[in-house]
Each structure stands twice: as C-alpha cells, then as structure tokens.
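Asker: Take a look at the letters that make up each chain.
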Amino acid sequence: MSGPGRIVAGVLAPHPPHLVYAENPPQNEPRAECGWETLRWGYERLRSSLSDRDYDVIVVHSPHWKTVVGHHVLGVPHFDSLSVDPIFPNLFRYHYDLDVDVDLAEAIAAEGAADGLVTQVMRNPAFRVDYGTIVCCHMVNPAWDKPIVSISSNRAYHYFSNEVGDAEMLALGRATRRAVEASGRRAVLLASNSLSHRHFVTEPQLPEDMSHEHIHHHGQYLWDMRMIEHMRAGRTAQILAEMPDFIDQAVSEAKEGSLVWLLGALGVPEYPATLHGYGTVIGTGNAIVEWDPRRAEGT
Amino acid sequence: MRGEVLHGWVVPGRPHPLLAADQSPAWAALRDAFAEARARIAASGADLLVLYSTQWLSVIGHQVQADPEPEWVHVDEEWHALGSIPYKLRVDAEFAAAWVAAARERGLHTRPVAYRGFPIDTGTLVASKLLNPDNALPICVVSCNMYADRAETLVLGKATRDAVQATGRRAVAVAVTALSNRLFTTPIDPAADRISSLKDDEWNRKILEFLGEGRLEDVAQLARTFTREANADQKFKAIWWLAALLGQHNGYEGDVLAYQPIWGTGAALAQLRPSPGETAALEFDEDDVEVFHGDRNVLDTEPVDEEPSTPPHAEAPGAVDTGTAPRPVGPYPHARREGDLLFLSGMGPRQPGTDTIPGGPIRDETGAPRDYDVAAQTRACIENIARVLEASGASLQDVVDVGVFLVDMDRDFATFNEVYTEYFSAIRPTRTTVAVSALPTPIAVELKVVARVPR
Numbered sequence: 000m001s002g003p004g005r006i007v008a009g010v011l012a013p014h015p016p017h018l019v020y021a022e023n024p025p026q027n028e029p030r031a032e033c034g035w036e037t038l039r040w041g042y043e044r045l046r047s048s049l050s051d052r053d054y055d056v057i058v059v060h061s062p063h064w065k066t067v068v069g070h071h072v073l074g075v076p077h078f079d080s081l082s083v084d085p086i087f088p089n090l091f092r093y094h095y096d097l098d099v100d101v102d103l104a105e106a107i108a109a110e111g112a113a114d115g116l117v118t119q120v121m122r123n124p125a126f127r128v129d130y131g132t133i134v135c136c137h138m139v140n141p142a143w144d145k146p147i148v149s150i151s152s153n154r155a156y157h158y159f160s161n162e163v164g165d166a167e168m169l170a171l172g173r174a175t176r177r178a179v180e181a182s183g184r185r186a187v188l189l190a191s192n193s194l195s196h197r198h199f200v201t202e203p204q205l206p207e208d209m210s211h212e213h214i215h216h217h218g219q220y221l222w223d224m225r226m227i228e229h230m231r232a233g234r235t236a237q238i239l240a241e242m243p244d245f246i247d248q249a250v251s252e253a254k255e256g257s258l259v260w261l262l263g264a265l266g267v268p269e270y271p272a273t274l275h276g277y278g279t280v281i282g283t284g285n286a287i288v289e290w291d292p293r294r295a296e297g298t
Numbered sequence: 000m001r002g003e004v005l006h007g008w009v010v011p012g013r014p015h016p017l018l019a020a021d022q023s024p025a026w027a028a029l030r031d032a033f034a035e036a037r038a039r040i041a042a043s044g045a046d047l048l049v050l051y052s053t054q055w056l057s058v059i060g061h062q063v064q065a066d067p068e069p070e071w072v073h074v075d076e077e078w079h080a081l082g083s084i085p086y087k088l089r090v091d092a093e094f095a096a097a098w099v100a101a102a103r104e105r106g107l108h109t110r111p112v113a114y115r116g117f118p119i120d121t122g123t124l125v126a127s128k129l130l131n132p133d134n135a136l137p138i139c140v141v142s143c144n145m146y147a148d149r150a151e152t153l154v155l156g157k158a159t160r161d162a163v164q165a166t167g168r169r170a171v172a173v174a175v176t177a178l179s180n181r182l183f184t185t186p187i188d189p190a191a192d193r194i195s196s197l198k199d200d201e202w203n204r205k206i207l208e209f210l211g212e213g214r215l216e217d218v219a220q221l222a223r224t225f226t227r228e229a230n231a232d233q234k235f236k237a238i239w240w241l242a243a244l245l246g247q248h249n250g251y252e253g254d255v256l257a258y259q260p261i262w263g264t265g266a267a268l269a270q271l272r273p274s275p276g277e278t279a280a281l282e283f284d285e286d287d288v289e290v291f292h293g294d295r296n297v298l299d300t301e302p303v304d305e306e307p308s309t310p311p312h313a314e315a316p317g318a319v320d321t322g323t324a325p326r327p328v329g330p331y332p333h334a335r336r337e338g339d340l341l342f343l344s345g346m347g348p349r350q351p352g353t354d355t356i357p358g359g360p361i362r363d364e365t366g367a368p369r370d371y372d373v374a375a376q377t378r379a380c381i382e383n384i385a386r387v388l389e390a391s392g393a394s395l396q397d398v399v400d401v402g403v404f405l406v407d408m409d410r411d412f413a414t415f416n417e418v419y420t421e422y423f424s425a426i427r428p429t430r431t432t433v434a435v436s437a438l439p440t441p442i443a444v445e446l447k448v449v450a451r452v453p454r
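First to last, the sequence lines map onto chains A and B.
If you count by numbering that gives the first Met the number 0, then the first sequence holds residues 0 to 298, one letter each, in order.
If you count by numbering that gives the first Met the number 0, then the second sequence holds residues 0 to 454, one letter each, in order.
Calculated from the structure, these hints are not laboratory results.
The beta carbon of each residue, even a glycine, is placed where N, CA and C say it ideally should be.
The reader is advised that the hints may include incorrect statements.
Stated by the list, open to error - Where chain A lies over chain B, by a calculated footprint (3+ residues, C-beta under 8 Å): (1) 213-226; (2) 403-414.
To be verified - Over the 10 Å line for every Cβ pair with chain A, so calculated as not near, a few chain B residues: (3) Glu76; (4) Val112; (5) Arg181; (6) Leu197; (7) Pro357.
What the hints assert, rightly or not - Pairs of lysine-lysine, DSS-like flavour, derived with a Cα cap of 30 Å: (8) B:Lys87 - A:Lys145; (9) B:Lys128 - B:Lys87; (10) B:Lys198 - A:Lys65; (11) A:Lys65 - B:Lys447; (12) A:Lys145 - A:Lys65.
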C-alpha cells in the first residue's frame, strides 16, 4: 500500500438473498427464471460506477451477524464453506470462498476499543460467514477478487434505545475511518441494510413471481422515499435526526446499525448521494445508494 | 396406538453449560441439571424429543427440520470464542412430515426444511447435546416465527399435539428458551455471573414459583407481562407453545431443577408432568384458538411446498385445484384427470375457508374423545366432493367408485350409511368401506372418489 488510506466509496447495499437467487451465479444451488431486476440493475449500475476507481478492500457491516457483547470482526484469513439462509433456504445455498483483510479488521477493532467501544476479533476458523455479508459482497464484487472485512451488528439499539444505538454506531463508523486511513487501504464500505423492513410472511408458489411483489404498506414507502430524498440532497444529518422515528415507524432495518455506521465513517456527508436502484423484496424497501467522497472534494 | 406427550421441559439454549461449564459455578449447575433431566427422559419410555427453539428464527411461517441426519460443525455467532459444536443429529423425518401436515391443517404457513448445511441453531444443539448426547432418541424441532404472537403460537402447539397423537409417538416436549433475556453487553468474570438486574431476578423467580407448582397455564397468561417487565426471550412465546401442547391447564407436577444466570440472562430447567389427581384452575383472559386465521396469508396464495422432489400443483397435468373446496394439507391437488376419469384426493368434512369441522372434532383440546355427529361430517364430505366435481366439469351423478374410511366402524357405520344413501342410492357407484385407526385431523370420516367426466 502507498499513501494514506481512504474511503473511496460508501454504499447502502442491501442483502436480500433473492437477488443472488434471481441472478443464478454458479456458486448458488437454487435456480430462478427471473426476478427483482430493478434492484439487480441497480447493483449493475453500482458496479459500473465503482469501476472508475481502484480499491483494495471491502468493509461490510452486516445485520445478519448479530452480537450483544461488543462489535465483532472476522479475524480468520480465509473462509471456504456453504452458506444456507436460515430464513430462505429454498433460495440461497451459496458456496463461498473469500479472503479477509485481518490486519484491517484488527485495526478497526483496536480503534473502536480505543474509543471506548467493546470489540472482539472472531478467530474460530469453523465460523460460517453470515449471508448478509455474502450477498452484498457478491452483488458488489461477484469476482470475489478483493479481501473483505465483516463487522457484526451490535444490539445496542435493541438493548437500550435507538438514540443510544445511533451514538454507538457513529463512534464505530469514525473508528472504521481512522483504521482505514491509518492502514493505507483504499476501502469501499458497504452498509448492508434494507430501509423499511416489514416482511410478508408468506411467499408465492414461485418465489420470483413479481405479480406478488410490492411494498408491505404505504407508510413504509413514504418513509423510504423521504430517506432517499435526504440522501440525494446531501441531508444526512437530517437522516440521523429522523432515524429513531424512521426505525420505529417503518420497522427499518437501520435498527441493525449499518446505515448509521456508514454515515459516521463518511463524516455525515453533505454532498449528494447517487441512487442506483430501489425495489421491494417480500414487502421490504431496498435502495442501492452510493456516496462518492470525491464529490465533497469537488473532483 | 394413539400418541401422547409424556411430559414437558423448559431449558436454556445458550452454549455455556455445554462448552464452558468449568468457567462458572452457575453454568456447571445448569450442566448438572441437564444431566438430571437427561436421566429422567431416558427413564420415561419416550421415543421422541420434540423441540421449539427461540434461537431458530423464521419469517415465512414456521419451519420444521426434516433432514434425517443433519451434520455440520456449528459456531455460535456471539460465543464463537467458547469453541465449536460438531454435530450429527437423528431427526424423525416421518414425524416432521406429520407435523407440517398438522400445522397446515390448522391454518399455519409451515414448511419442512431438509437441506445439506442448513444452519441448526445453538439452542437446538445445546438441548440435543445435553439431553440426548448419543442420539438415543430421534428429535424434531420447529422454528420460532419472529412475527408470531399468542394465537399463532398456541395453534402451533396444538398442531404439535395433533402430530404426536396421529403418529403414535411417546414424546417429551422441550421448550428451549431463556427467562429474562438481558445480557451483559461487556465482558464479565464468568465465575461472578449474575442476573442482570434485581427486577429481572424477581420476575424469574415468580415465573419459576408458578412452574414449580405446575401452573403452566398461569405462566402462559403472564407471558406478555413478563416480556414487558423482564425482556423475556422472544416474548416468552415458547411457553405458549408448551402450554398448548400439554393441554393449557394448571394441573401439572412441576419441578424446577435449576435456576442460574448465563451472562446476565435467566436460565432454568423445569419439568412439567401430567398430574391427573390435581384440579386444573383455568382462568383464561383471552380467547383460545383452534385454527389460525391471522393476517399471515398476505399474498393470498397457497403455502409453498418445499419438498424439492415435489413439483408445484399447477405443473401436474390434469390437476384440479379449486378455492371452493377445503385447502389441501399436503402436496396434492383436489383432483387429477386422466383421460375421461377424474381421481379425487381423499375428502374430509373440513369447511372451505374456515377449516371448521361440521359435527365437531372427534376429540377435545386435551385429546380426550368427545361426542360428534357423523351424519353432519358425512354430509360435509359429500358436499365438498360435489364442489370439486363441479370445478372439474362433473357432478355427483358421474361418480363411479367410492372408498370410505371410518375411524369407528361400530359406532358410525349405520348413520354414515343413512346419509350416503340419501345421495348415492340412485347413482349406485361401487363402494368399499374400511375402518382405519386414525385420520390426519380429528375427523371421523373421509371419502375417496373416482368419477367419469361427461363428454
């Protein structure tokens, strides 16, 4: 690595396994005939956008690695196993083979600890990487030619309050940024959460039957559009101000902390983000949104 | 032989008693209590452990583990530093199929899962390893739906009992759940583990006092209050499942083997044995529920059948499915046409849309026999058949053969025959009538029909 490290992109990158299922990559066992194209095209636009810059590592914060005693990071150099989604095993049985940037993971854990957060490095080689991490990393970089760092979703929101959770995640975001900068890495950060997150609890005979797909209820849609417009207008401080209500009223998956962590890492950006796609998956609202720090620099 | 639930257990699901008992006197005490529970189960004559685990969360209805030999090395997402849990379990796949069918019969969206590498949850593994370490008994486990509330979970418990009775199993029920569920969020000294607050501790002790007195239904009635006050594990819905499975009363012999902290949460092992000498003290403050009619079916579609080898109904050539007949409870259509012949699936008296049984079910909530009206059930069967025939372009006039299944030939044949005569004396299809030991739901009669489709 040469020069100071930096975040080259921050992305809201949701992880519905339906997107991998519908894409039919060779790693996944189940096969679909179509589905959720608007979101998959959104990821396609994101990949195209990212192709204009080099990066060394993907750092992902995943809602589906849930921890209570602190924030955990993967600390094993390589994983090669099978991920079966416990909720949608019919859609997602994915053979993964990935590298971890353990040095950066340890640095993030150390920076967090220095800031008063509880952190742990996960050293057990038999650990199975969560499907949230796998899905969004696959959608961003299907070649898997970059190492990753995966950070668990701490339950501070659930144990204390949305406000306490936000404070915790902003601190973790700042710690992540410091670690990236000190490491010399050029990092893409992925906040792997949906926006509104009330699911349907049945699914059609054919999971990819799009005649059944829509937002769970109108209030969710209104909240999703409001948040997206804040992002597009560079009003992320307003997002943080409204976040407790958004979480409660839209059952938002932001309650798992990923989006606030990302905004903390990006320094609560005031430049406009780019919306690459929006769509629903089993009733939940999902947006693919990119923050390009070059826009803050006027380049 | 009619199955029964021999007794029930409440056990904790965190891995500390399994992987780290030597680090804490509290965790060691829980491990010892598991050993005592294991001995009692072994001596009970049970042939099945049936589990509900709050650590196996589902969104799409409930899932039932149906892989006969799931095998993997599990690492807990939180407690990975305690070590790995290699496992190879013995699952009663036949019971799993019956369980799924019984749950669907009661209106629950349910599916079996049998996928290599499916992530078995820590709670299921802890209970299995500590209660049944040598796989002496087969197990079966159901997920905890994250959206389900009392009604759905009660119905799931009753469906579990239906399946136990229908399959003739002698089951021990295990609710894998914590009590209060507030973990310490920072590292602790395991040897000094304690319940996270005095309030949580007091609530746990009140719940255990009731369980020790065998007042399971009272605990079930308190579940929402307990959740509000002590952050009970997954709304304490495991206790709703257990109460519905065991019969929803307070007449048990309760025994609390242990109560200890695990990282601040309340962890207890308690046994509930039927005690016929005691008088139940029912005090329902909410409706009881037999069939789930909630808002689960948002997409207005039939449940998905997940058996990989089973194609969707619509793909079967000649298949007939109609919304005017009771919903099929398995992967089969209402009827299937082959040439000029129409083969109907076995048809009971369940009512389309509501699943109610005219003439009443043949057994009550506790599984005890009850009076029922076989004439009403027979009439309902034939009306259901007429609806399927109509949807297929035929009518009762076209029936050429009838198979009749009665659960009590001595009691019911004459009455059945009177009703049958009303409908078929002029049509005169061939007929075969047999007695069967049980039908999948609490009904007395089922008919299987072949008809010729008019040209």
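Asker: Hints first: check each against the structure and report whether it holds.
Answerer: Okay, the hints, checked on the actual structure:
Three residues within the 8 Å Cβ limit are the bar, and the segment 213-226 of chain B against chain A gives 0, so the coverage statement is violated. Counting residues of the segment 403-414 of chain B whose beta-carbon sits less than 8 Å from any beta-carbon of chain A gives 0, not enough to reach three: the coverage restraint is violated. Distance check for Glu76 of chain B against chain A: the nearest CB is about 6 Å away, which does not clear 10 Å, and the non-interface claim fails. The non-interface label for Val112 of chain B is inconsistent with chain A: the shortest C-beta to C-beta separation is roughly 5 Å, within 10 Å.
Not every beta carbon of chain A lies more than 10 Å from that of Arg181 of chain B, the smallest distance being close to 7 Å; the non-interface claim is violated. The claim that Leu197 of chain B is not at the interface with chain A holds, since no C-beta of that chain comes within 10 Å of its own (minimum 18 Å). The Cβ of Pro357 of chain B sits about 27 Å from the closest Cβ of chain A, beyond the 10 Å cut-off, so the non-interface label holds. Proximity of Lys87 of chain B to Lys145 of chain A is assessed by CA-CA distance (about 35 Å); at most 30 Å being required, the pair is judged violated.
Note on Lys128 of chain B and Lys87 of chain B: the hinted pairing holds, with a Cα-Cα distance of about 10 Å set against a maximum of 30 Å. A C-alpha spacing of about 26 Å is found between Lys198 of chain B and Lys65 of chain A, which places the hinted pair at or below 30 Å, so the restraint holds. Of the pairs offered as hints, the one joining Lys65 of chain A and Lys447 of chain B is violated, with about 51 Å between alpha carbons and a cut-off of 30 Å exceeded. A C-alpha spacing of about 24 Å is found between Lys145 of chain A and Lys65 of chain A, which places the hinted pair at or below 30 Å, so the restraint holds.
Violated hints, in rising order: 1, 2, 3, 4, 5, 8 and 11; the structure is consistent with all others.
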